[in-house]
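S.K.: Residues per chain are reported as follows:
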Amino acid sequence: MINIVAAAVQMASSPHVSANLLEAERLIGEAAAEGARLIVLPENFAFMGLAETDKLEHAESEGSGPIQDFLSRAAESHKVWMVGGTLPLKAQGSKVRASCLVYDSAGAQIARYDKMHLFDVNVPGTNEHYLESNTIDPGECSLVIETPFGKLGIAVCYDLRFPELFREMAGDGMEILAIPSAFTAQTGAAHWEILIRARAVENLCYTVAANQGGYHVNGRQTYGHSMIVDPWGKVLSCLPNGSGIVTAECAGAHLEKVRAAFPALNHRKLRCHSALTPAKPL
Amino acid sequence: MKLIRQSIRAARLVGVLLLAVAALALSAFRFWLIPRIDNYRSALAIHIGELIHEPVSLQHLDVKLHGLSPELVIHGFSILNEQHRPVASFEQARLRPALLRSLIAGELRPGRIQLIGGRLSLRRQANGAFALEGLRPRERPPAWLVRTARIEITDSALDYQDLQTHEPRLELGKADFQLLNDGDRHRLRVNLVLPEKLGNAAALAIDYVGDAFDRENWRGSLYVKAKDLHVEQFRLARPVAGIVLKAGTADFKLWSDFRAGEPGRLTGQIKLDKPSLSYQATGADRGSLSLSRVEGAFDWRRRDRGWRLDVSRFTLALRERAWPLSRLSMEMWHADPPAGAIVKAAASFMRLQDVHALLQALPLAKEDWLSEVRALAPRGDIHDARVSYHPAGGLGERLALCAEFEGLGVAAWRNLPALDNLKGTLCGNDQEGELRLKTRHGRIELAGLLREPLLFTSLTGAVQWRQTADDWQLTSASMAADTPDFSTRSRFRLNLLKQPGTSPFLDLQTDFAHVKLTGVKHYLPASKMPAGLVHWLDSAFIAGRIDKGKLLLRGALADFPFVQRQGVFQAMFDIEDTDLRYHGEWPPLTDLAASALVYGNRIQIEAIRGRLGGAPISRCSFEVADFIGEKQAVLDGTMRASLAQAMNYLEQSPLKRIPSRLLRYTRPAGAADIGLKLKIPLVKGNGKMLVDGSVLLDNASLWVKQLNLDVQRIQGTLRFTRDDLQGKAMRASILGFPAVIDMSRSGRGGTAVDVDGRVSIAALQQQFPHQGWSSLKGGADYHLNLKFPESKAETTVPASLDIVSDLFGVAVQLPAPLAKAQDSRRHFALALDLKEDGKLPVQLAYGPDVHAQLQFAGPPPGMNLEGGAISLGPRLSAASRGGGIAVLGQLDELSVDEWQAWLFSAQKAGGKLPPLRTVDLKVAHLYWLGKDLGDGSLHLRHEAETWAGRFTGAIARGRFQFTPRQETAAPLEIALDYFNIPSFVSDALTRAKTFSVEPTALPAIKLAGRKLIWQGADLGSFEVDARHQRRGLRISKFNLTSDNHRLTMEGGWSGAANGSLTQLRGQLKIEDAGLFAANLGYGRELRDTRAQIHFSLAWPGAPYQFSPRNVAGEATLDLGKGALLNVEPGLGRILSIANPDNLQRWLMLDFSDLFAKGFAYDRIKGVFRIANGQAETDNLLIRGVAAIIYVNGRAGLVARDLDQVVTVTPKATATLPIAGALAGGPAIGAAIYVAQKLIGEEVDSITRTRYAVKGSWDNPTITRLEGNFPMELFHRAWGGLKDLSSFGSKEKTLHD
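Respectively, the protein sequence lines represent chains A and B.
At position 270 of the first sequence the residue is numbered 271 (this note's numbering), and the sequence of numbers has no breaks.
At position 505 of the second sequence the residue is numbered 523 (this note's numbering), and the sequence of numbers has no breaks.
Think of the hints as simulated: they come from the structure by calculation, not from any bench.
Honestly, I wouldn't trust all of these hints.
Covered by chain B, per the in silico footprint, the following chain A stretches (three or more residues, Cβ under 8 Å) [as the list claims (entries may be wrong)]:
1) 13 to 24
2) 208 to 222
3) 239 to 250
Since this is a predicted model, take the numbers as computed values, not measurements.
We put the beta carbon where it would ideally sit given N, CA and C, even for glycine.
Bound-form chain A, shown alone (with noise of 0.2 Å):
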């Protein structure tokens, strides 16, 4: 891995495309503007519509649409890879999936990743219900590319709990973990932070995790706090709520010696499973 400075864009995107996509294009010229060739976009960057099945209404097929048109031509003009967020893609059937989509500077596709768990979950102490299921196909790969800077690895949001995936991607040598995600207030309070640094801790990578963050004008609330989290698991930069950009060098060298001095990645053991035995009579 070489240095590269990398920064998470946080927004609160609401159900327009356009205006979503005008203060995306800010931000990512702000980004660039601070010396950024990794640029992550948080999840439903460009629509979060009022209800799950609005998404529907801007499904694209992969390789065109307005959505994919503006992170190629973003990338381009600005000469940075770019993390897409998720935008929904045309699966099978009536739903989409939530594909996060790289590209690289020169605005061609690279990669594409579609979120593998989906958020089917009543949080805790609110009146916020979210089935993601209902119109979201899920993915069945982990995803780690190879890019001019290292080795990139791609999730979504909740796929944040659970380190399985992200041990997984480990062993395919991610060094720069890149993490949209749109977590709620309410969650992103109690958790956020503990796994974005869980997950860059326990598998010595650096994460950039940009996150929405703030009032939406549906009505729903993100967490924000989008950070960039060295392998150590110290927070390089935050932003705790409102649109914006965190920035942060990402520096090879720094991810060796932690990597050297912290082997832990090398110290895993094989599963070893072993047989229940039915416990003895009293």
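With the hints as your guide, set chain B onto chain A.
M.R.: Below, chain B without anything else, positioned relative to chain A:
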């Protein structure tokens, strides 16, 4: 029991003995000692002086018994000073000894001293201590006061003197003092009856233990009471915190526990009526305040290092509204040094405006703080307020406050909004806290942001604040606000940064509902918005609501509306039942339901449904892309509308001239898809509105009012801008034929419609019913140009219509010069103005020689020809003024026949003649009956209901006059110089049966002519009188008179249900038929021959419609002796007199056949009965020179056949030189023929022979009934007859 009884008895005995001793002693005191008491005055004075350590003087002594207790009464008791002058004098002093103590002590010990009627002075010493002067003549405590068990000073005058202020002595009225001393315990009571000007009464009670004259050692209690104390009369009170009670009436009660001379607890009640407070600083009044009332019960207690004050039942009335009874508490103490005072305070109620007034009037705090309070001008009621101030708490200086408030309001101050009528609770400190609002009908005025205050019908929610090192943070998880115009549920975070000059940062998310759009203008952050947009929004929403919507605002308020995207401003909402006036000059969008998005400085509204100009919209978006920069809005919509609706919409817009132009002349119908894109400037002076509209016509139609013309099935697209209306290659159907229509802008803002199409005459006739169309056949292509005038001139300039065509395909079946063959081309141009007054001025050009300016009038379709001018031939300027048509013509040739035939046919078709006014016509070659009559002219005037004119030509010349509409219809008067009837006329008229006129339609005629010229022969003068009779015309006179002949006729022409009928009877008398024939140009071949013909004939139809088929009547022919000098072939012609077929020609004075050549006779006489197409005679006798011929039978006038018996009786002495001359006709022709043949064929002596003549006129069969007749001879002779006139041929031709 016995012992008890003995004890009781003993006790009773002792008691009786004691009573007896006492009675003896009392009697001795009363009756022995009292009368001598005054003797002890000096001793008593000395004794009293010793008691009180002051010299006294006594004037008189007296003793009174109160039961067993004596009372010494001293009259004139004075306490003397060192100079033995009285310093205190009393009218009386009453001394009641303490008997037991006196007995024990063996000297008089006073038990009670009562001083009455003295004068005392209460003084405030220079050191502030109070002293009662008069009882202490020297500077030492009056110890006697406290040694006496009870001292009363009653009914004594008391005054007050303040040695600090040196105010004048104040008389306090009558005072009663009571001092009870019991060792160290002293109880003092003072009752004071105040003078009226000071008040009512006052009382003081002190109960203490300690050295009576060492106040600092006192321990006890104090009670003070006053009623109706007029405060202004006293200068008792010291300023408390600089505040002095300077006026008012006071009632108070005060209890105080004190220790070591200092009060430890102070309780009481106080009531101040109309108190006046004054704040004094540095010895001067700094402010004052008058109140209505202050009342309360207080409890002040000293605490360790501080004190506590509780006030209960407190009320304050600054003006009229009194505080409710409330409780106040305040506690102050000092913590460990060096910390300042710790203060806690509580109040069950406070009225902030009163507190504010108090603070302003009595400036108890620092001026800068007071000025801020003054600026805030707080008002409202505070309940259960608790305040604590700790100068150095664990977190530093802390101020904490909890309170409920109601009706809270403050004025706008710095960045804080003005508030009014807020209700809620506030609890927190300068670090954090919470404000809970439960406001009804509150008001917040964001003067710097909103133009009008926010009026809340309800405002509920909680706001937490927290102070950090950098800012103040205000957050609310839920804030519900209802105003008369909307309801919101919001959550927000507001950061007020401490760094000067930084803008507050707001993160706000709001759900709003029940928004009255008409009220939105009241809540606009106008100061942050462009004036143009504000102005637009002020009037944009006429009606409507938002059922629900959402808003998000995040960013520094100073950056709002985030033009550079420094923040986020989003709102999304659905609007319902909204009338949106997107531009003041355009009709609003009505019944609009739409989803709207506001993002940054962009506003997008996408309509779901709505109406434009009453028509439902199919799609409509309204967008202000950049209301800061572009300052314009774009309305882009389509609607499916009827054309009427579309026109109605445009009519209410600045484009109204488009529909007004069209609707003035047309009425559209059908549906259209209308597209409209308006770029609307939001700021005046920011350019004109740009209009890009289209009207997609689909099967629309347009009715042209003035022409009653429907343009149907219009398909195509019309485009319009603010100044233009265009349509290219639109398809339509006009009068059933396809047409291509172009619309474009014409000069100076007008609109031009160009139509290329085809039309048939039949369609035109159906569209514009008029008899004139009957003369036209076929159809032709045309180009039509319709120009609507520019709006400014539309009041004076009507729309114009121009039609041009080459008329190829149209046959004009009118007489020349109007006639045109169907396959020929002739330029046709028609121009008319579509005037709204019902007039249709038409200019018409037809070929090179016909031009017309015509005026049509009347109700639609407006095809009633009212007047105009028609120019025939070289274009002449015909006057077109006035009504009627002026015809001016100069033609090379004109066929009267054709025009006559056309006129009659037109009349027969029910048409009316054009309303001619003048006719001036010159014709070089006038054709009549196919003959060129040479030149002619007609000059006609129609004035005042009278037709008058003159004509000149080869046929006739004369004048005429006719007034058809007079009540007594004057006859058509014709005066002719001559009437020159060409020979061809009669035969032509005979055959001219195509026109007929109703007799009732003809005027009475009075015709007089000087010359009737027939083939150059003057037949004399003539007169015709035809008068109206019941059903037609009665021909009362028809005279043709010359020296040689006279033709007289009379009869009538009357109408009937089944047609008209002509009846004529008359006679023609000729003196010398030879001369008559000669005059007619037949030479002198006829000699002598007086002739007389009587006739009485009738036939259906007009007189000129005589026909063998329908004539009926009788004619009697009687020719006298005469001879035709040139017999060959004249006999037939002579005999044709009897041929009714010729009668019509005779009526037309055509006697050519009669005067043809060749015959000689003695007499010809006979009667013919004519009916049913048959002419029958049974007595026609031709008494010729060579034979006598008698004819009996009939001749078919229609079937042209014969069925006769001809009897010929030759005269032996003569021959008939008339072979081949039988041309007379079927009635007698065959007989003559037979006679001629018989005689001419070498048969010179034959007796009477009868022949049957049957068959057609062309080929009759002659059968000899008696005698021999050579058939070969007959046929040979018959062949020769075919060349003769008037017999044997249907193809008769006219001959001169």
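S.K.: Determine for every hint whether it applies to the structure shown.
M.R.: For each hint, the structure was consulted:
Requiring three or more residues with a Cβ within less than 8 Å of a Cβ of chain B, the coverage given for the region 13 to 24 of chain A holds, as 8 such residues are present. Here's how the region 208 to 222 of chain A fares: 7 of its residues keep a CB closer than 8 Å to some CB of chain B, so the rule of at least three is met and the hint holds. Restraint check on the region 239 to 250 of chain A versus chain B: 3 residues with Cβ-Cβ distances below 8 Å, three needed, restraint holds.
When each numbered hint is compared with the structure, no violation occurs for any of them.
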